[in-house]
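Number of protein chains: 2
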Amino acid sequence: MKVAVMGYGTVGSGVVEVIESHSDTIPQKIGGETLEVARILDLRDFPGDPHEALFTKDFNDILNDKEIKIVAETMGGVNPAFDFTMKLLKAGKSVVTSNKELVAQKGLELLKAAEENGVNYLIEASVGGGIPIIRPLTQCLAANNIEGIAGILNGTTNFILTMMIEQGMSFDEALKIAQEKGYAEKDPTADVEGHDACRKVCILASLAFGKHVYPSQVETEGITNISLEDVSYINSAGGVIKLLGQIKYISKDSIAAFVSPAVVYNGSQLASVKDVFNAVLVRGDAVGDVCFYGPGAGKLPTASAVVADIIDCAKHTDRKKIFGWGAGAEDYVVDYKSTIKMPFYVRAKADCARVNSVFSEVKYLSRKGQPSDEVAFITDVMTENELTEKLKGFEVINIIKVTNY
Amino acid sequence: MKVAVMGYGTVGSGVVEVIESHSDTIPQKIGGETLEVARILDLRDFPGDPHEALFTKDFNDILNDKEIKIVAETMGGVNPAFDFTMKLLKAGKSVVTSNKELVAQKGLELLKAAEENGVNYLIEASVGGGIPIIRPLTQCLAANNIEGIAGILNGTTNFILTMMIEQGMSFDEALKIAQEKGYAEKDPTADVEGHDACRKVCILASLAFGKHVYPSQVETEGITNISLEDVSYINSAGGVIKLLGQIKYISKDSIAAFVSPAVVYNGSQLASVKDVFNAVLVRGDAVGDVCFYGPGAGKLPTASAVVADIIDCAKHTDRKKIFGWGAGAEDYVVDYKSTIKMPFYVRAKADCARVNSVFSEVKYLSRKGQPSDEVAFITDVMTENELTEKLKGFEVINIIKVTNY
Chain A
1095 MKVAVMGYGT
1105 VGSGVVEVIE
1115 SHSDTIPQKI
1125 GGETLEVARI
1135 LDLRDFPGDP
1145 HEALFTKDFN
1155 DILNDKEIKI
1165 VAETMGGVNP
1175 AFDFTMKLLK
1185 AGKSVVTSNK
1195 ELVAQKGLEL
1205 LKAAEENGVN
1215 YLIEASVGGG
1225 IPIIRPLTQC
1235 LAANNIEGIA
1245 GILNGTTNFI
1255 LTMMIEQGMS
1265 FDEALKIAQE
1275 KGYAEKDPTA
1285 DVEGHDACRK
1295 VCILASLAFG
1305 KHVYPSQVET
1315 EGITNISLED
1325 VSYINSAGGV
1335 IKLLGQIKYI
1345 SKDSIAAFVS
1355 PAVVYNGSQL
1365 ASVKDVFNAV
1375 LVRGDAVGDV
1385 CFYGPGAGKL
1395 PTASAVVADI
1405 IDCAKHTDRK
1415 KIFGWGAGAE
1425 DYVVDYKSTI
1435 KMPFYVRAKA
1445 DCARVNSVFS
1455 EVKYLSRKGQ
1465 PSDEVAFITD
1475 VMTENELTEK
1485 LKGFEVINII
1495 KVTNY
Chain B
1095 MKVAVMGYGT
1105 VGSGVVEVIE
1115 SHSDTIPQKI
1125 GGETLEVARI
1135 LDLRDFPGDP
1145 HEALFTKDFN
1155 DILNDKEIKI
1165 VAETMGGVNP
1175 AFDFTMKLLK
1185 AGKSVVTSNK
1195 ELVAQKGLEL
1205 LKAAEENGVN
1215 YLIEASVGGG
1225 IPIIRPLTQC
1235 LAANNIEGIA
1245 GILNGTTNFI
1255 LTMMIEQGMS
1265 FDEALKIAQE
1275 KGYAEKDPTA
1285 DVEGHDACRK
1295 VCILASLAFG
1305 KHVYPSQVET
1315 EGITNISLED
1325 VSYINSAGGV
1335 IKLLGQIKYI
1345 SKDSIAAFVS
1355 PAVVYNGSQL
1365 ASVKDVFNAV
1375 LVRGDAVGDV
1385 CFYGPGAGKL
1395 PTASAVVADI
1405 IDCAKHTDRK
1415 KIFGWGAGAE
1425 DYVVDYKSTI
1435 KMPFYVRAKA
1445 DCARVNSVFS
1455 EVKYLSRKGQ
1465 PSDEVAFITD
1475 VMTENELTEK
1485 LKGFEVINII
1495 KVTNY
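Listed in order, the protein sequences are those of chains A and B.
Under my numbering, think of the first position of the first sequence as 1095, with each following residue one higher.
Under my numbering, think of the first position of the second sequence as 1095, with each following residue one higher.
These aren't lab readings, by the way, just hints derived from the structure by calculation.
Misleading hints may appear alongside valid ones.
To be verified - Selected chain B positions facing chain A (in silico; Cβ < 10 Å): (1) GLY1108; (2) ALA1147; (3) LEU1148; (4) LEU1202; (5) ILE1404.
Predicted model only: the values in this text are computed from it and were never measured.
Cβ atoms here follow ideal geometry from the backbone N, Cα and C, with glycine treated the same way.
Let's have the full structure, built from the sequences with the hints guiding it.
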């Protein structure tokens, strides 16, 4: 069976590698056929690459090749990936993707196009790299009403936070090491500001609750405001700071979804997720908490998820996979600040008397070298708007949500 | 769509409960139809149960009801579950099961019968209760060659070990509490001797490597020999003792599989799995380590896995699911003691001089109140047979495998 790969970067070249290195075992999974990479689309040249004969710069070479039934889109970005994918689906080809930006922005249209054309658009690699999450969420947990999801969805920020927590490194030092190791890009904005995690939250929310959630609907805060002082206070409370994507079911017609640093208490499965690893915790009304852990990025892990989707397409050439989602109303994602109650970590220039005059119940935290005019505490459960109201006039240094996962 | 439930114990009654409590959301997952529990088979009487009208003691009431297309087998045990399941499959009905004993003993025949009759035999609930593992293993990781699997597969023993590790309770005390909480049965043999974990290892191995593994092929050791002294030594080494099921790929024609206590170092995802929770770690050649965590047992978690399989059957009435396994040769599961190399924890009545004369490289451990004639150490990597040879003449108190997961 002939497949094409669009985008020969880290993931795309990994896809070719995984297909070739598993050529002995893949046929038994797809009824005896072999997978053959017939075309690779990339605008760059790769002189000396053993697949040189397969390269093309012309998308039409793939679109018009009737023998190519499955295409892996590992280009990244919305354009031209959207245009290419749409044309392929309309031409009756199945597409599998690792492109979270595209799925988060255009998943609704693309899944609809796949359905209308009787082909598959599979997206396992677009969330959590190699971690199986989409089939577990849509199939294995089908008998549950999902109450909420919390995920460590970005390896770069989790690596930085791990270095801060375990090695006492500053954010800047940890970022530098992440860049040296190739975990962070030269411009680390998409990672450290939470945009990458935000896209994955959109896809998870769309899958879990059946209505498309767009990045613009998800309030997103990164980790650049986290200091070693915060890490130290939260350590004294028996917890760690993680960049979490959180999704909460409210009703058939509304959910909350946000990305932010969050205090996770030790004992949670999320607290022990370190370095570049990712994890997604799903809370179902029947099953309780289940958690999926693994490498959230990386060439071969992500490629293996892409190839698993290719295998699934190859097994089911004759039918569309039953999953997808619809459109949500304008107000589908509510303002979590006025609706979701939780405790908060607050660090401020203030004394306890002042804090006690405003908060009925707080748990004070301490750290080595704490200045006498600084307090840090965990509040009672309230909405973020209620907290903001209470903190009016306070000289606040930082506020971090406390999660119940 | 009419379904029947065979066995109205903890899981079976949970299945009925989950179907009924999700009657508003299930139809949208199976093309608009509703799931209706039409019959419940149990030899016991349940006077006053709201489903009284559905009960039958006669299996033929289900077998001969042409409208019943899907049956949940939650009876447990090999007989008569095997006979019933076989008859149902041959009658063209799909069967879903939580019965690990039956799948471990007779999965090969039953999956074959399902295939021959164009129906489904789905088994998600038979491993790891509510944890999604079977679809992730067979579908999401399809592009990987699985190198090994390690699982905490029994909640009762994990609870007992957690109490020993965290509360300093003796095995007997911890078992008593497990019994009081309903986690352990009056006769706890199947749990504490590892037989329950062994069945799950058989199913995981069969799925991952495509050939049936029987419980008699899996060397199984329980946790009754674990003492607080061992817990203490291993704590000093930065690890914990877990009851692990381990499976290792050797070649297309051979694997190793065994259940035993094992030292897991802190930092492993398996080390942080506490109380009655279960986890399965899968090591793939492309993806690396992925781990699935959740409730390994319990009424609603297990029932939710059964109902997810029912939903899958209801979506795919017209075709068989593509998964299954074949028969393995007599010597398919090798003697791990002569083939698998690993480090071991050894505790013995001896002095260091004697230990040093036999082992080239060991790491000594210590504990509070350690008698002067007792040593505990972690050996270099070797087979268990090599270790036994070296320890000839030693007064050994305990030996525990050290895992590399």
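Hint check results:
With a least beta-carbon distance of about 8 Å to chain A, the hint placing B/GLY1108 at the interface is held under the 10 Å criterion. Taking 10 Å as the C-beta contact cut-off toward chain A, the hint placing B/ALA1147 at the interface is violated, the least distance being around 24 Å. The criterion of a C-beta within 10 Å of any C-beta in chain A is not met by B/LEU1148, whose closest approach is roughly 19 Å, and the hint is violated. The restraint placing B/LEU1202 at the interface with chain A is violated, with a minimum CB-CB distance near 17 Å, outside the 10 Å limit.
The interface hint given for B/ILE1404 is met, as the beta carbon of that residue sits about 8 Å from the closest beta carbon of chain A, less than 10 Å.
Hints 2, 3, 4 from the earlier list are contradicted by this structure; the remaining hints agree with it.
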